[in-house]
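Peer 1: Make the complex out of the two chains shown on their own, each in a separate frame, by following the hints.
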Amino acid sequence: MIFVIQINSSPYHSNAGQRAYQFVSAALLQHHEIFRVFFYFDGVYHAFKYATPPDDELALTRKWSELADQYQIDLVVCISAAQRRGLLCSDEAQRQNKIDNDLADGFRLSGLGQLVEATLVADRFILFG
Amino acid sequence: MDMKSYLFLLRKPAHSGSYVQEILDVILTTAAFDQQVTLLIMDDAVFHLKAGQITNSNGMKDIAAIYNALELYDITEIYTEEDSLHERGLKLADLCLPLKSINRNEVSAFIEGFDVVFSG
Numbered sequence: 001m002i003f004v005i006q007i008n009s010s011p012y013h014s015n016a017g018q019r020a021y022q023f024v025s026a027a028l029l030q031h032h033e034i035f036r037v038f039f040y041f042d043g044v045y046h047a048f049k050y051a052t053p054p055d056d057e058l059a060l061t062r063k064w065s066e067l068a069d070q071y072q073i074d075l076v077v078c079i080s081a082a083q084r085r086g087l088l089c090s091d092e093a094q095r096q097n098k099i100d101n102d103l104a105d106g107f108r109l110s111g112l113g114q115l116v117e118a119t120l121v122a123d124r125f126i127l128f129g
Numbered sequence: 001m002d003m004k005s006y007l008f009l010l011r012k013p014a015h016s017g018s019y020v021q022e023i024l025d026v027i028l029t030t031a032a033f034d035q036q037v038t039l040l041i042m043d044d045a046v047f048h049l050k051a052g053q054i055t056n057s058n059g060m061k062d063i064a065a066i067y068n069a070l071e072l073y074d075i076t077e078i079y080t081e082e083d084s085l086h087e088r089g090l091k092l093a094d095l096c097l098p099l100k101s102i103n104r105n106e107v108s109a110f111i112e113g114f115d116v117v118f119s120g
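One line per chain: the protein sequences are H and V, in this order. Heads up: the first sequence is residues 1 to 129, going by this note's numbering. Heads up: the second sequence is residues 1 to 120, going by this note's numbering.
Just so you know, these hints were derived from the structure itself, not from any lab. Even glycine gets a Cβ: it sits at the ideal position worked out from N, Cα and C. Mixed in with the good hints, there may be bad ones.
[To be verified] Under 10 Å between C-beta atoms, here's a sample of chain V residues computed to sit facing chain H:
id: 1; residue: 21
id: 2; residue: 30
id: 3; residue: 76
id: 4; residue: 116
[As the list claims (entries may be wrong)] Derived coverage of chain H by chain V (criterion: at least 3 residues anywhere in the stretch with Cβ under 8 Å from a Cβ of chain V; other residues may be distant):
id: 5; segment: 86-100
id: 6; segment: 113-119
Okay, chain V solo, but in the shape it has when bound (with noise of 0.2 Å):
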């Protein structure tokens, strides 16, 4: 089968409705086809991330439990933006995943980069 390269470009808060449920499934079913995935998480999509959730007691899931099993399909290439995170006084030790992270400035570059991109 043909080989790509995917991004996968988060703009959305988590608990935007079924957003981030849904666009992780597109996310699993790609690797589950061999693509190369990458995902950026940048803008309001940050807070998927954080750490300590406590959503238990509201119906709502923890977002950022379901990005544990980005592992599982060998997703490893996961970037943010730094500006998104400091906007929002965030720090990448304030996340539940290690990852990468890229300059506001290098985006655009970084976006040309791939095949396909999903934006959302």
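So here's chain H without its partners, still in its complex pose (with noise of 0.2 Å):
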């Protein structure tokens, strides 16, 4: 079956992107395909490389990247949501004339037409948060 997910929330204000992520992770390991997930909202805060969180807590953006690079899933941020909080690729910035690199490993920025490209291609469309 083919996956799609949106998450909404940010890291620190709820358990919408673990719970995103658990499921991710679960349908990975029964061959299901994860077309894309997307972060809207303050679920663009999952995609801050400098998160920084104790040792003794999870630390979801890595687990998020380290996902990314296993099975090749397609982590897209709004472009416009992340502009808004703060969180531009070192391309953006430059194209905003300002200096950051703020981009987690494995995410990238795109627009909303990705989100709803997603769901007229998914068999389930699935939004935590």
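Peer 2: This is the structure:
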């Protein structure tokens, strides 16, 4: 089955991101396709690479990066929601005449069209948060 | 391109951070993909459409004005839920757009009719 996941809540506001991560991991283990994970609203906070939680806490951003690396899943962060919240990759920062490089490995910034396109492809679209 | 029916279920009040602006961005993008878009506005979200909002003095946006853009994208299927209005002392005539209304006990059957549901 083809799944598309949307995450709307930040890692420290609710456990929605963690539940999404567990769902995606379980679906991949059962050989389902995760077509795209789309981070929107405060969900974009999952993609800040300098988030540095204490060692005994779950580092969700790193977990997503590792999952993307292992399974080649597409982690897309809404660019306008990201810009509002100060999350820019180095290319985007350059375009905006700013210096920044916040985007964690395995994530990419793109537009809302990527979300709508994904929902058209999906058998199931599941929203967390 | 494929065609699906989308329901956007809006429940949060106006001025909940950037919530209204960002959910409307998804709604307009979906419409720009020529998909069938329907809105159901219930709970505290009914305040989004309250006519006569005065927001210019406090740095907020007139949320109701943003809704006027929906018609430009051919989004005309906008529903509200009557009990949500009544519980908040509102009636259809207090809103800035003409909405269709359904009863609370019709909501779940209404949602069943769509391919994709965005809730928030």
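Peer 1: It remains to establish, for every hint, whether it holds in the given structure.
Peer 2: Status of the hints after comparison with the structure:
{"no.": "1", "hint": "21", "result": "9 Å, holds"}
{"no.": "2", "hint": "30", "result": "5 Å, holds"}
{"no.": "3", "hint": "76", "result": "19 Å, violated"}
{"no.": "4", "hint": "116", "result": "5 Å, holds"}
{"no.": "5", "hint": "86-100", "result": "violated (count 0)"}
{"no.": "6", "hint": "113-119", "result": "holds (count 5)"}
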